[in-house]
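Asker: Chain by chain, the residues:
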Amino acid sequence: MANIGITTTVPVEIILAAENVPVDLNNVFITDKEANRLVEGAEDAGYPRNICGWIKGLYSVVVERGNIDTVLAVTQGDCSNTHALMETLQLVGVETIPFAYPFDRDYDLLKLQMDKLITALKTDWEQVMAVKKRLDGVRSKIAEMDRLTWQENLVSGWDNHLFQVSCSDFNGNVNEFEQDIDQFLLKTKSANEFTEDIRLGYIGVPPIFNDLYSHFEKMGARVVFNEVQRQFAMPYQVEDLVEQYRLYTYPYGVFQRIEDIKGEIEKRNLDGIVHYVQSFCFRQIEDMIFREKLDIPILTIEGDKPGKLDARTKLRMDSFLEMLR
Amino acid sequence: MFCGIDLGSRSVKLVIMDQEGVNRSEIFETVQFYRNYGQPGKNGLIVDFASVGVGEFDKVVATGYGRNTINIVGATVIAELKAHVIGAMWQTGLNNFTLLDLGGQDSKVIKVRKGKMVDFATNDKCAASTGRYLENMATVLGISLAELSSYKENPVELSATCAIFGESELIGRIVEGYSVPELAAGVNYTIFKRIKPMLHSLASEVIVFTGGVALGKAIGQTISSELGVEVVVPKYPQLNGAIGCGVYSWEKRG
Ligand code: SF4
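Protein sequences appear in the order of chains A and B. Going left to right, the first sequence walks through residues 1 to 325 as the UniProt record's numbering numbers them. Going left to right, the second sequence walks through residues 1 to 254 as the UniProt record's numbering numbers them.
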């Protein structure tokens, strides 16, 4: 049993089928008490100041926390910084396995990537499909939690974020994770309805800030749609695993994401969208596409280092809500 | 009489006004203001209005960076962008325009339609198009801010990606032998270049230009000629946010 670090959502079924433990390095980084120090650690090692904080955090998690055996790095479909991240990890002796989402969603190419991963991790399709069945059950509970968020107003935007984002690695233990969601759903049955008047959607990579959701709630708004997080949780249940990862919007072009977002704006009755962008991230460029294609007020906020929201960002959030009222 | 206060990051603007107009106004340096008239209380900042010496008033409305961090005891606090929109509408009588506010550290562009804010942009982590940048540049050139902001002909090419590094770039140009008017025009032009993309995406035919930077002529004229729009600078550009607070006292509009 090895700990396999992942840099974003990958076909986790394969890691689990090979009886390895998936560890989403992002989650380890952002929940670390010293997340900021991890970023500085990478800078001390020579990472440039003007590179995204997530990449630096991931680097330090692997190098400093020391319990990752192999890193499964997504070299296409996530972030080109991951290439250099892999290389700097190789430089310090970490074993890495590349995985690439084909840009054009080509079925055969994606299947081939999965086949190669299956071979590399020494498992087979039969075991992988057995894990998929198991995960389908858990994923449907997460989908229910999501429904309770927007349709019944019983789940906070933060909890919605947290459960969905954790579906990249199921916190390394599917059984425990399922117990957590079961308990959460049970508790939610008797929860009070949220009554905030403004309904927001959150799009973009997960926030590096830790108080974004609570600040919105303090200001009388709530997030009822977490775009990328929901994609990590793969809400569409399909038989075919390759198809499942083809439907998953995040690693491909932005236009498929826009179709998904448009549908949810309607369905969830959103008043506005918050587009989170990471400093120095190439995805910032896509902001202009969202603004052009989505017919709804959009607030773009930018985060750099882990921690709390700064005064300027709060001011902008505040003004945005004022504008929607 | 109503009191409006705009707690900016570099200066605190205070007006005493009613429906008839502005009766008194004061501008303080922010740190001085807190040091001389403020006292931390249990529920926020207690301002000693008696010693500020602006006379009697019925109500205080405040805005500015304080909104999330500082609470003035006894004051109604409104969102900063809202205060600026209300101030600009009251000062100009317009309902459809784009507000450009360039202050000490902040740049704001707000699109207003039918008297409502419909979109906005603010500068994030850079002060290169603000008053602070202009002050630094004026110091380097050894001229007053008022003089600096009057030049617009033959601007020297400057990239000025940073309010601080702009200084060394300017010094380099001085060494190359450009005249002060050309250098000053270059400085003003960099401000235009920085805000141009924001004005483009939030365009209107009329731009209401406020904030301390609007006191200088050159930038407004450049915006008008380059973008082909009408630029309106209201009577009190620097006090616009504080005036918005004052107007809110009796209008209570959103
Ligand atoms: S936030 Fe952007 S730059 Fe950073 S890792 Fe993600 S995709 Fe790459």
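It cannot be assumed that every hint is accurate.
[As the list claims (entries may be wrong)] Using 25 angstroms as the maximum straight-line C-alpha spacing, the simulated DMTMM-like pairs for lysine to aspartate or glutamate come out as follows: (1) A/K122 <-> A/E243; (2) B/K42 <-> A/E217; (3) B/K114 <-> A/D271.
[Unchecked claim] To spell it out: a stretch of chain B is covered by chain A in this simulated footprint if at least three of its residues, at any positions, have a beta carbon under 8 angstroms from a beta carbon of chain A; those stretches are: (4) 107-121; (5) 210-220.
[Claimed, not checked] Below, a sample of chain A positions facing chain B; criterion: calculated Cβ distance under 8 angstroms: (6) V21; (7) P102; (8) R105; (9) D295; (10) L315; (11) S319; (12) E322.
I should point out that these hints are in silico values taken from the structure, not numbers from a laboratory. Positions of the beta carbon are idealized from the N, C-alpha and C atoms, including for glycine.
Asker: Now look at each hint and say whether the structure bears it out.
Answerer: A quick look at each hint next to the structure:
For a cut-off of 25 angstroms, the pair hint linking A/K122 to A/E243 stands: about 22 angstroms separates their Cα positions. Using a Cα cut-off of 25 angstroms, the hinted pair B/K42 and A/E217 holds, with the two alpha carbons roughly 24 angstroms apart. Between B/K114 and A/D271 the CA atoms are separated by roughly 19 angstroms; this keeps the pair inside 25 angstroms, and the hint holds. Only residues whose beta carbon comes within less than 8 angstroms of a beta carbon in chain A count, and the segment 107-121 of chain B has 5; three or more means the coverage holds.
Coverage of the segment 210-220 of chain B by chain A is violated [criterion: at least 3 residues with CB-CB distance below 8 angstroms; count 0]. For A/V21, the interface hint is violated, since its Cβ never comes within 8 angstroms of a Cβ in chain B; the closest pair sits about 39 angstroms apart. Interface hint at A/P102: violated, since its Cβ lies 34 angstroms from the closest Cβ of chain B, which is beyond the 8 angstroms cut-off. Given the 8 angstroms rule on beta carbons, the hint for A/R105 is violated: about 32 angstroms separates it from the nearest Cβ of chain B.
Annotation: interface hint on A/D295 violated; nearest CB of chain B at approximately 13 angstroms, more than 8 angstroms. Because the closest C-beta pair between A/L315 and chain B is about 6 angstroms apart, less than 8 angstroms, the hint holds. For the restraint placing A/S319 at the interface with chain B, the shortest Cβ-Cβ distance is roughly 4 angstroms, inside the 8 angstroms limit, so the hint holds. Look at A/E322: its Cβ gets to within about 4 angstroms of chain B, closer than 8 angstroms, so that hint holds up.
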